[in-house]
Amino acid sequence: MSIYSENEAKAILDKVVALSKADECTATLDGSIEGNIRYALNNVSTSGIVSNAELQVQVAYGKRSGIATINEFDDASLKRVVARAEELARLAPENPEFMPAIPKQTYKPTSTFSDKTAAVTPEYRAKVAADSILPCRANNLVAAGFFTDNQKFSALANSKGNFGYQRSTEVDFTCTVRTDDGRGSGWVGRNLGDVSQFSAPTEIQIAMDKAKRSADAKALEPGKYTVILEPAASADLLTFMFFGFDAREADEGRSFMTKKGGGNKLGEKVFDERVTIYSDPADPSAAVLPWDDDGLPRVHTPIVTKGVVDYLQYSRYWGKLKGKDVVGQPGNIIMQGGDKSTMDLVKTTQKGVLVTRTWYIRMVDPQTVLLTGLTRDGTFYIENGEIKYPIKNFRFNESPVIMLNNVEEFGKPVRVLPQEAPIVMMLPPMKLREFTFTSLSDAV
Amino acid sequence: MYRRDFLKTTGAGMGLAGLGMSSLLLPPGARAVPADVLSTKIDVALKKKLATAALEAATKAGATYCDVRIGRYLRQFVITRENKVQNVVNTESTGAGIRVIANGAWGFAASNDLTVDGIVAATDKAVAIAKANSKYQTDPVQLAPTKGVGEVSWSTPIKKSPMEVPLKEKVDLLMSVNGAALKAGADYIRSIIFAVNEQKYFASTDGSFIDQDVHRIWAPFQVTAIDKASGKFRERSGLSAPQGRGYEYLDPTPAGRIALPGGAVVYSTSYDMHADAIAAAHQARDKLKARSVKPGKYDLVLDPSHLWLTIHESVGHATELDRVLGYEANYAGTSFATLDKWRSKNFKYGSPNVTIYADKTAPGTLGAVGYDDEGIKTGRWDLIKDGILVNYQVIRDQAHIIGLPASQGCCYADSWSNVQFQRMANVSLAPGAKPLAVAEMIKGVENGIYIVGDGSFSIDQQRYNAQFGGQLFYEIKDGKITEQIEDVAYQMRTPDFWNACVGVCDQRDFRYGGSFFDGKGQPAQISAVSHGSSTARFNGINVINTARSLG
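Going down the list, the protein sequences come from chains A and B.
Under the working numbering, the very last position in the first sequence is 444; numbers go up by exactly one each time.
Under the working numbering, the very last position in the second sequence is 995; numbers go up by exactly one each time.
Hints may contain errors.
Cut-off 27 Å, straight-line C-alpha distance, at most; resulting in silico cross-link-like pairs (DSS-like, lysine-lysine) [to be verified]:
hint, chain 1, residue 1, chain 2, residue 2
1, B, K528, A, K320
2, B, K672, A, K322
3, A, K259, B, K612
4, A, K63, B, K612
5, B, K672, A, K259
6, A, K260, B, K738
7, A, K265, B, K569
8, B, K569, A, K116
9, B, K676, A, K269
Covered stretches of chain B (chain A as the covering partner; in silico rule of three or more C-beta atoms under 8 Å from a C-beta of chain A) [said to hold, decoys possible]:
hint, stretch
10, 577–588
11, 661–674
12, 930–937
Calculated directly from the structure, the hints in this document are not laboratory data.
We put the beta carbon where it would ideally sit given N, CA and C, even for glycine.
In isolation and in its complexed conformation, chain A is listed as follows (with noise of 0.2 Å):
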């Protein structure tokens, strides 16, 4: 058992931090149940069910502070874990960074739960397996995939009063389907919070479709082009540039957001005036808990608006430094587009490059953000608005900061999560001119 009601989580916490003699505590208490299945050669090759719970309890005397956990949560247990946790503060050096607990705060609950999600069976995993594997079997392709679903409760508490509780949900799928000659390769990818809204057989097509077609792909020399980059395309290239929104880094001179001489660029216009990107936790496509990982309320929070800089993440440490007002740090990523699907895009293209997804990216200079990185499982050249044959892969070496400031048109967002980091993001499909491609790739 491992998914506790708020009263029962409620009952841990508050025994918790009573028993705690330092001069402050803050306990969380998290539980899931992830089920999964992976398939790979069209055969299942694993599934499996994880359960686990865990209470995190961090306490301090003055600014030396101590953090343990544990997953057992008799009496004998919980005292243990404050007896540690106690005893790793007394030992720990002096953090002159260090901060208080928050006081208490009020959560406005977002809908982060669907019940159809939290009653998912090993028969619906088997089922989405089979409604990859046995359409790619009779096509002559071949599917490897991965599902996960997940159910989740969070909880957290502290010695100033503080409280909150809320579930929360989510599916994730990805399937790479090969020509069984190893000539043509599609994907999809699909994230989701309600599992209601996930058809396997539906989204299959798409990676099928994709593999088929990329069959026979020719070169083209690698230099720069107008590009559709679809959602699953660009979500890595903006993880790696929001890396560089951290304020602290800014201001001490290291990342893109530094201004010439001292300082950050906040406020000022660093993309094309089209670009538009905030954080809203209640999204109803992209809906994240209401607190942050210091406990912090998350808000609405614009990121950029119409190019211009309005949040940088500033600790608690370095906002009270700098006196700022700290906000709970962003949950998820919202970037504003337009109505037009990818396809539409494609049509008011004259000469232009497809990208279905973007593979294998690191930074080369963060001093740009300059990423390097490919192209994958689906590449098209289009001619006058229509997609005209599958081209060689690419290697591009290009910033995000630079890309959004070539825009052309930007489609209607859909949500994807990164495979860098794990924060949901809705991305609208995005046509950008000048796209740097350096090098050609014979991988499939």
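For this one, chain A is given, so just place chain B on it according to the hints.
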């Protein structure tokens, strides 16, 4: 996939800027514990009793094979920046993973309940999952035979257990390193001591009862130099490598220090973190004013502190048989080194100078263990012999696919709670047979770049097209090193690159690099692996300039 961004993000706040951090610091199911817990062990007799109960339960439930791994996984992180200790984290994760074959299919279950009842319940679950999976299986599992080894033990040959060194000693070292870097001109420094101990007990129905105690240590840092007026900043990471050694690795010895042509100093069997931090501060400041590279074709001279990562990505991953077959297609990808190329016995992966071997035995390496996670005694074998692809990396249920009578011992799980699968052995470039020192190699280069340390890295899902940066770049003109340059990355196509290898220095220059964070599988697991080489030369490689302007 190889992740190293944790060092970058450790110092920043959580949330947006610290994404991905917590999963590296606290593995699933790991508990933070006080330091005194780190130097204790579970009694072997208790482990044998529990394992025997599981093996008997599996057989009774109808399994034809069973293995049990009872593991205790300990980690310690001491994380600092400048004059502050940011965090000290001790984690412990204990439990058992049981894997069975029933009706010809695999089943796996894991539990942290280390009682006879708990382990038997998990075993029954594993058998039930195997039987359920067998309904959809087209071919039964073929397990290469192995003889039980009885009751044996193995431990990493360490002199000083990192877990037993007092916290104060580690904090004092890092504070002294940070202070030295700041004094030498660094604006910022982050440094970490990262110690790992895997206490692993393996038992199988083949009659093996193997107790192993594995230690690893890593002490990375990153120095930043800033030019406020221009807004420019440059970083230089430490030139150490993670090791399968004890805390003695951080006691510098003259034998562990190698001074390279051009002035850089690198390390082998021991590490002078203090001296490297001072050098890093100077070199980071030099980077701020170094000349930007002119793009084009160059002859590259690659130091082992750099070449390990190129070997890892372009040979290590490409020769993993599960990738070759398609089992990793949805995540890490497949491989260009297909079975038909291997069967032809004449696929020229590289030039005749290139012999690359897999190894799980070399002392001091991250991959060195006595037995793998399916109880196979470890060994060494060639992957590429004189340029020709000759073999892959396999585990027990893959050996028959390439006609091998036994597993090569490449099986690993990063936790008791995850199922073991094929993971990369140490994969290394054999040193050249003829005497050749680095200085002599450089003498022969007309127009080249000498690269030290690993930088950014990226490779496609079939391991063809890659791009690598570095830490330090030196221009070579007419056989001489002229100056430190910047903004260098090279792009390559794997077989072209290895066929352009015109020379490898001899055994005297052989050193290891490595990674704590090689990622693979869904759900993802990490693995630690070393790659050795001597300095090697590659002719006519495409170099790009990575400098950009944000306007």
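Quick rundown of the hints versus the structure:
A C-alpha spacing of about 18 Å is found between K528 (chain B) and K320 (chain A), which places the hinted pair at or below 27 Å, so the restraint holds. This hinted pair checks out: K672 (chain B) and K322 (chain A) have alpha carbons roughly 19 Å apart, not beyond 27 Å. This hinted pair does not check out: K259 (chain A) and K612 (chain B) have alpha carbons roughly 39 Å apart, beyond 27 Å. A threshold of 27 Å between alpha carbons decides the hint, and for K63 (chain A) with K612 (chain B) the separation of about 18 Å falls inside it, so the pair holds.
With a C-alpha separation of about 9 Å, the suggested pair K672 (chain B) and K259 (chain A) falls inside the 27 Å cut-off, and the hint holds. Distance check on the hinted pair: K260 (chain A) and K738 (chain B) sit about 26 Å apart at the alpha-carbon level, within 27 Å; holds. A threshold of 27 Å between alpha carbons decides the hint, and for K265 (chain A) with K569 (chain B) the separation of about 56 Å lies outside it, so the pair is violated. For the suggested pair K569 (chain B) and K116 (chain A), the alpha carbons sit about 25 Å apart, so the restraint of at most 27 Å is met.
For the given pair, K676 (chain B) sits about 20 Å from K269 (chain A) by alpha-carbon distance, which is consistent with the 27 Å threshold. Counting residues of the stretch 577–588 of chain B whose CB lies closer than 8 Å to any CB of chain A gives 4, so the stated coverage by that chain holds, three being the minimum. Residues of the stretch 661–674 of chain B lying with their CB closer than 8 Å to a CB of chain A number 5, which satisfies the three-residue condition for coverage. Remark: the stretch 930–937 of chain B is confirmed as covered by chain A, as 4 of its residues place a Cβ nearer than 8 Å to a Cβ of that chain, reaching the required three.
Violated hints, in rising order: 3 and 7; the structure is consistent with all others.
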